[in-house]
Amino acid sequence: MGVKIVQRHGKTLREKLYLPAIFGGMKTTLRHFTANLSDTPQIKTFSYPEEQPQDITERYRGVHRLTKREDGSVRCVACFMCATACPAECIFIEAQEREDGVDEKMPRRFDIDLLECVFCGACVEACPCDAIRMDSGIFSFIGKKREDFIQTKEQLLAREAKENR
Amino acid sequence: MVSLSVDGKRIEVRENTLLIEALLSQGISIPHFCYHPALGKDGNCRMCMVEIEGQKRPQIACDTLVKEGMVVRTKGEKIDRVKRSILEMELINHPIDCPICDQAGECSLQNYYMDVGLYESRLTTPKVRGKKHVDLGANVVLDQERCVLCTRCVRFTEKITKTHELGVLSRGDHSVIDTFPGEKLNNPYAMNVVDLCPVGALTSKDFRFAKRVWFLQSEKAICNRCARGCSIFVDHHKEKYGSEKIYRYRPRLNEAINGYFICDAGRLSYAHENALFDAQAMIRGKVSEYDYAEGKWLRLLKRYLGKTLFLISSSLGLEEFVRLQKLAKLYDIALSAYEPDRFDDRFGDTFLKCADRSANARALPLLGIDDTQEGFQKALQNAELIVLIGRHDVALILDAPCRKSVVVLDAGGMTCEEVELMLPVASHTQKEGTYINVEGYVQYSACMIANDKGRKSLLELLGTVLGDGMVRAQEIWEEEIVRLEPFQNLSFAMLSSTPRIVL
Ligand code: SF4
Ligand code: SF4
Ligand code: SF4
Ligand code: SF4
Ligand code: FES
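Quick mapping for you: the protein sequence lines, in order, are chains A and B. In terms of the working numbering, the first sequence is residues 1 to 165. In terms of the working numbering, the second sequence is residues 1 to 503.
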């Protein structure tokens, strides 16, 4: 195995004292503090949740939804591409024969565990059918139990895309 | 021997070999649909084109015999263009259903497209449509649109099963595979066409939509449903938060025993294995902790020392036989492998299936284990504790006139209050072992699917009783089996080449 020797920094007395660096940092903090205090509307934060963010763009990766075909049937064909691509392995699919005659295969179960999901969007990229999207604009998801965070096929299908404002 | 040059490399092969066989035997990949080692050449798909020096046009490797000094090119811009054009033609009417096709991931069309295809479609006319979901019978589903008309399936029913159920109907673009009117695919080996079909035209109804193949892990094993002992792959997967499950058995090439095929009964027997995975330890019909049940087995064994009969299954592994025999000798335990239901004449045929349903009964006479009815009856009279090992046909004992204590050490099965203890042990696909087939071929089954229920294998239980802790097949081979007369010329390492012994 190759071993890389990394030289340690901080050998000089000035560095060993730490204090000059700490004061340097505090100076920056203090500068921002006084600037913000003298001009509050300039501050880059808002009082969430009373104020809601207005900058959720179209490409924002929110909570997933499953899309539908023109005839209202589920677009997903249970190909498992999303589950294969998912780095968190949080998509749980069971396939079944399709009964509505639109195609051959559809999901019986399609669960996404939002507690495990890292919102990377790999599932959306992987889907060959444009059946899964993250354009709901939902950035905050609340539940009381762990089970509330497991989004089922029905919940995912009921969700709509965010209205473009 | 003749020597030829392939892509600038010299290779030596036997005379009268087909060029495609020569190439494949050297590990050179050559796309092909219609050629199959078990079915021979047909020359209809043109996918196996190679360049041969001195010939004006590219030639098909499956219908060319090797010649001394032949100079062959399988790679290069020119030959790749030829392959790409043929592939493009194959795909003209192909539905490209990969997202819903069970073959995806092990499909020759997909693989060749990734190797030599990667073209932009030039198709502007609509594709010719076919029937999508034709139930051919015998668990085989046909998708006519996906078929590349290689006729492997047709030739299988002609040459191997000689049942002639399948044929090519219609002409040109409309050619399709189908059964003859009013007929169904109906033979005990029919599901092999699913493996033979290079694409997703023939898929298994049993495996339909069950799992995408890239999730599956394959383990090498031996089928234990009859005395042939066909080599198989066990495809299993443990889903996140789920437990291990077997999804299918597939034939594994073994020229000595089963070639490229297995019977449908063996293929579908994986479901039986799955059902065993959940068995629990039971004491007098009530569920018990495994550790407590194991302690009880040791206590019972001790209490009935000298008055015990081991009634063993003849389908146990060679290692298990040897260890059981050792234990029986040490503690004066009677040993019998009598099985009234061993033979099933309706099952046997002249191809692979054997009427003898035992996976390893050939080892019994070699080791001197008794399997006669008289031997069993005599041993039963003297015994007070009967331990059924690898079997659970308790009726055989419970029908006996005098009361006995019954213990079952098996992968699973029914228990009742009359059974003192049922201690589940690792099932066939959860344990390694060596099996001797009907012709004397010795095979090692390496499939050891982890069991998440914490149950032990029979070898582990025996290792504890014998106190030497030998639990792996290799140790037992090296320490004990090679010392036995019939196996002295063998070694554990030799098992991978399926040696044969005289029965
Ligand atoms: S966003 Fe990423 S982590 Fe979440 S389900 Fe999709 S692929 Fe998995
Ligand atoms: S959402 Fe898309 S990628 Fe996932 S299973 Fe359905 S069709 Fe396939
Ligand atoms: S046969 Fe192969 S290429 Fe055709 S749909 Fe199935 S996986 Fe895709
Ligand atoms: S169904 Fe499969 S095996 Fe039969 S001809 Fe078509 S592609 Fe070949
Ligand atoms: S494999 Fe050679 S023509 Fe089909």
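In case anyone wonders, no lab produced these hints; they're calculated from the structure. All of these numbers come straight from a predicted model, not from anything done at the bench. Check the hints yourself; a few may be wrong.
What the hints assert, rightly or not - Mimicking DSSO-like on lysine-lysine, the simulated pairs with C-alpha atoms at most 27 Å apart in a straight line are:
#1 145(A) - 184(B)
#2 41(B) - 144(A)
#3 105(A) - 9(B)
#4 105(A) - 240(B)
#5 105(A) - 41(B)
#6 184(B) - 68(A)
#7 68(A) - 9(B)
#8 162(B) - 205(B)
#9 162(B) - 105(A)
#10 105(A) - 238(B)
#11 132(B) - 105(A)
#12 127(B) - 153(A)
#13 238(B) - 153(A)
#14 153(A) - 67(B)
#15 56(B) - 105(A)
#16 68(A) - 131(B)
#17 240(B) - 153(A)
#18 75(B) - 127(B)
#19 245(B) - 105(A)
#20 75(B) - 68(A)
#21 245(B) - 153(A)
#22 205(B) - 105(A)
Hint check:
About 53 Å separates the Cα atoms of residue 145(A) and residue 184(B), which puts this hinted pair outside 27 Å; it is violated. In summary, the hint linking residue 41(B) to residue 144(A) is not supported, as the alpha carbons are separated by about 65 Å, beyond the 27 Å threshold. A hinted pair counts as satisfied when its Cα atoms are at most 27 Å apart, and residue 105(A) with residue 9(B) does not qualify at roughly 47 Å. Restraint check for residue 105(A) and residue 240(B): the C-alpha separation of about 22 Å stays at or below 27 Å, so the hint holds.
Proximity of residue 105(A) to residue 41(B) is assessed by CA-CA distance (about 35 Å); at most 27 Å being required, the pair is judged violated. The suggested pairing of residue 184(B) with residue 68(A) is violated, with an alpha-carbon distance near 38 Å, which exceeds 27 Å. Only pairs whose Cα atoms come within 27 Å are accepted, and residue 68(A) paired with residue 9(B) is rejected, the gap being roughly 55 Å. Of the pairs offered as hints, the one joining residue 162(B) and residue 205(B) holds, with about 23 Å between alpha carbons and a cut-off of 27 Å not exceeded.
At most 27 Å may separate the alpha-carbon atoms for a hinted pair to count; residue 162(B) and residue 105(A) exceed this at roughly 34 Å. Taking the CA atoms of residue 105(A) and residue 238(B), the gap is near 23 Å; set against the 27 Å cutoff, the hint holds. Only pairs whose Cα atoms come within 27 Å are accepted, and residue 132(B) paired with residue 105(A) is accepted, the gap being roughly 12 Å. Straight-line distance between C-alpha atoms of residue 127(B) and residue 153(A) comes to about 33 Å, which puts the hinted pair past the 27 Å bound.
Distance restraint check for residue 238(B) and residue 153(A): the Cα-Cα separation of roughly 22 Å lies within the 27 Å cut-off, and the hinted pair is therefore satisfied. For the given pair, residue 153(A) sits about 62 Å from residue 67(B) by alpha-carbon distance, which is inconsistent with the 27 Å threshold. Of the pairs offered as hints, the one joining residue 56(B) and residue 105(A) is violated, with about 48 Å between alpha carbons and a cut-off of 27 Å exceeded. Between residue 68(A) and residue 131(B) the CA atoms are separated by roughly 25 Å; this keeps the pair inside 27 Å, and the hint holds.
Of the pairs offered as hints, the one joining residue 240(B) and residue 153(A) holds, with about 18 Å between alpha carbons and a cut-off of 27 Å not exceeded. As the CA atoms of residue 75(B) and residue 127(B) are separated by approximately 31 Å, the hinted pair breaks the 27 Å bound. In summary, the hint linking residue 245(B) to residue 105(A) is supported, as the alpha carbons are separated by about 22 Å, within the 27 Å threshold. The hinted pair formed by residue 75(B) and residue 68(A) fails the criterion: a straight-line CA distance of about 45 Å is larger than 27 Å.
Between residue 245(B) and residue 153(A) the CA atoms are separated by roughly 24 Å; this keeps the pair inside 27 Å, and the hint holds. A hinted pair counts as satisfied when its Cα atoms are at most 27 Å apart, and residue 205(B) with residue 105(A) qualifies at roughly 13 Å.
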